[in-house]
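Novice: Residue numbers (my numbering), protein chains in the order written: chain A, 69 to 379; chain B, 69 to 379.
Any given hint might turn out to be false.
What the hints assert, rightly or not - List time: in silico EDC-like cross-link candidates among lysine to aspartate or glutamate, alpha-carbon distance up to 20 angstroms: (1) K295(A) - E346(B); (2) K295(A) - E362(B); (3) K283(B) - E370(A); (4) K283(A) - E221(B); (5) K295(A) - E203(A); (6) K250(B) - E203(B); (7) K131(B) - E346(B).
To be verified - Not close to chain B: a few residues of chain A, all C-beta gaps over 12 angstroms, as computed: (8) W150; (9) N159; (10) L199; (11) R245; (12) E346; (13) L351; (14) R375.
Derived from the structure by calculation, the hints contain no laboratory data.
As the structure is a computational prediction, the values presented were derived from the model and not from experiment.
Glycine included, C-beta positions come from ideal geometry on N, C-alpha and C.
Number of protein chains: 2
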Amino acid sequence: MPDVVIVGSVAFDTIEAPAGGAERVLGGAATYASLAASYFAPAGVVGVVGGDFGEKPIALLRKRGVDLEGLEIIPDGKTFFWHGRYAPNLNDRTTLETQLNVFADFRPKIPASYQRAPFLLLGNIHPELQLNVLEQVKRPRLILCDTMNLWIETALEPLRRLLGRIDILCVNDSEARQLSGKVSMPAAAEWLMAQGPRRIIVKRGDHGCSMYGPKGFFSIPACYVPKPVDPTGAGDTFAGGFLGYLAACGLINEQTLRQALVVGSVMASFCVEGFSVERLLWLKTGEVAARCRELYRATQFEPVRFRMPKS
Amino acid sequence: MPDVVIVGSVAFDTIEAPAGGAERVLGGAATYASLAASYFAPAGVVGVVGGDFGEKPIALLRKRGVDLEGLEIIPDGKTFFWHGRYAPNLNDRTTLETQLNVFADFRPKIPASYQRAPFLLLGNIHPELQLNVLEQVKRPRLILCDTMNLWIETALEPLRRLLGRIDILCVNDSEARQLSGKVSMPAAAEWLMAQGPRRIIVKRGDHGCSMYGPKGFFSIPACYVPKPVDPTGAGDTFAGGFLGYLAACGLINEQTLRQALVVGSVMASFCVEGFSVERLLWLKTGEVAARCRELYRATQFEPVRFRMPKS
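Produce the entire structure from the sequences given, and follow the hints as far as they go.
Specialist: This is the structure we're talking about:
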């Protein structure tokens, strides 16, 4: 039984970026997230692919111990395809083509062996489908949910219902602003927490990420990536690393959640170093630990003590 | 003798912001920076104003212990005036009017009693003038320098010379990118450090700020400001608080520099809570200390330990 169940897209991507490109490479939120989680805990994928998916990606995922019982294969269908181009800053991207293919009719089916998994990642799919997943699982210890601007604009009502049923919402800063209608990020996070989630994770790209919750907020910078190549999947990798680490800890408290944010961020920093999932296939414990220490060094300081002169 | 000498603009600002407005209020980089520094150490201003400046702002600054021997008053001139409007996000602003007035012919003259001050802030003025200030002072322990896109575009050559003679360059992220031609911030900081400064401080607005130096990088988030009102002068307030804290410490090392970044950031967070300098006139030790503790709590975590499962 997987400890971390991940529901989301499995795809082929064609990517154009300043550093080069990659054609029809393995992608999709569930792919990135499950690979990242697999370094820490058993992970299983709930997704759908077409007959064109082939044996090679399956073998790659299996090699990392990812459980694929929840991956539906539709032999006469085609796998979700996305083609995008990144701007020189790597933050802005243009979608050149999207072929939903079998993903258009994706209705997540949670296998019996996944239904009691303690950690659930609701990847970015229609909020009604995310809600439906919640009907199929038995009280996970932690539900992390991603979403996107498309659902904020077109499916706000089910998205609001969903917010009442998840533990942590994981969004980027523009999505947090759009969903809350608040400009300041702390205000946006407070508004979102009032809708249900106990914590909000805000991804800020190369500015790092923040977690808002009952103990206030916690922020870490992004790792130092000398040569970022392809940011595709970084957010999903973050989420997978975050849940994988928590599953490995067994304990969920403020400290382990903060550490999980660090681990998620570290895993995302590896993701952007290569096209597709190439950097997520062969990571060593030492590499990951070294970046965790780097983030530790980059954020720790002695408490500030001072006495103001009398004025 | 002031411990912190601040060279820069002293101005009147008219500000339009979503939360309201303020007309012909006290502003200018040297004003904000000296007020912030004054909470920690004696600060002196080198600047110029016109006969219209009046007694009231002088009295305000003196009340906070700011030394004004270096403030030149040109009785038949008019004080630098800036009129700007902030967008709803408070990050973007439009300049509606700039009257340089006496500031157009500003030639900083460092009073004899300022020339051996250990901490020097070269506020954002023409790089040739900043270089000229360096000819007038006697080996400060630390020189912090600000600049802006205008000088990057119109005075790159003297700006480059200046970089070879300062200790810390303090810029925002877009200026760091523009000056270095590098997209990634660590790469930009490395390039800038190769031009001379031992450290680079990058201000990231409501994402916080980072310091790059020989011990790697250090990042902190922005303080939680529930209702930001007017960001004018926040960067200058940051720089003043940073140098004031270091002057109070007496010791310059990685730890005190990190703490100074925290203090600068905390002072900036007060600055944005009111129009003009209103929040910088009556701060209490306890208020400042509380926000320093808040930043401490928001950034500290236990080292991450994990063992990856065998794959």
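Novice: If a hint holds in the structure, say so; if it does not, say that too.
Specialist: Against the structure, the hints come out as follows:
1. K295(A) - E346(B): Distance ~44 angstroms between K295(A) and E346(B) Cα, so the pair is violated.
2. K295(A) - E362(B): violated (33 angstroms)
3. K283(B) - E370(A): holds (16 angstroms)
4. K283(A) - E221(B): violated (45 angstroms)
5. K295(A) - E203(A): violated (43 angstroms)
6. K250(B) - E203(B): violated (31 angstroms)
7. K131(B) - E346(B): holds (13 angstroms)
8. W150: Given that every Cβ of chain B is farther than 12 angstroms from that of W150(A), nearest at about 23 angstroms, it holds.
9. N159: violated (9 angstroms)
10. L199: holds (32 angstroms)
11. R245: violated (8 angstroms)
12. E346: holds (16 angstroms)
13. L351: Violated, because the least Cβ-Cβ distance between L351(A) and chain B comes to about 8 angstroms, which does not exceed 12 angstroms.
14. R375: Check fails; 7 angstroms does not lie beyond 12 angstroms.
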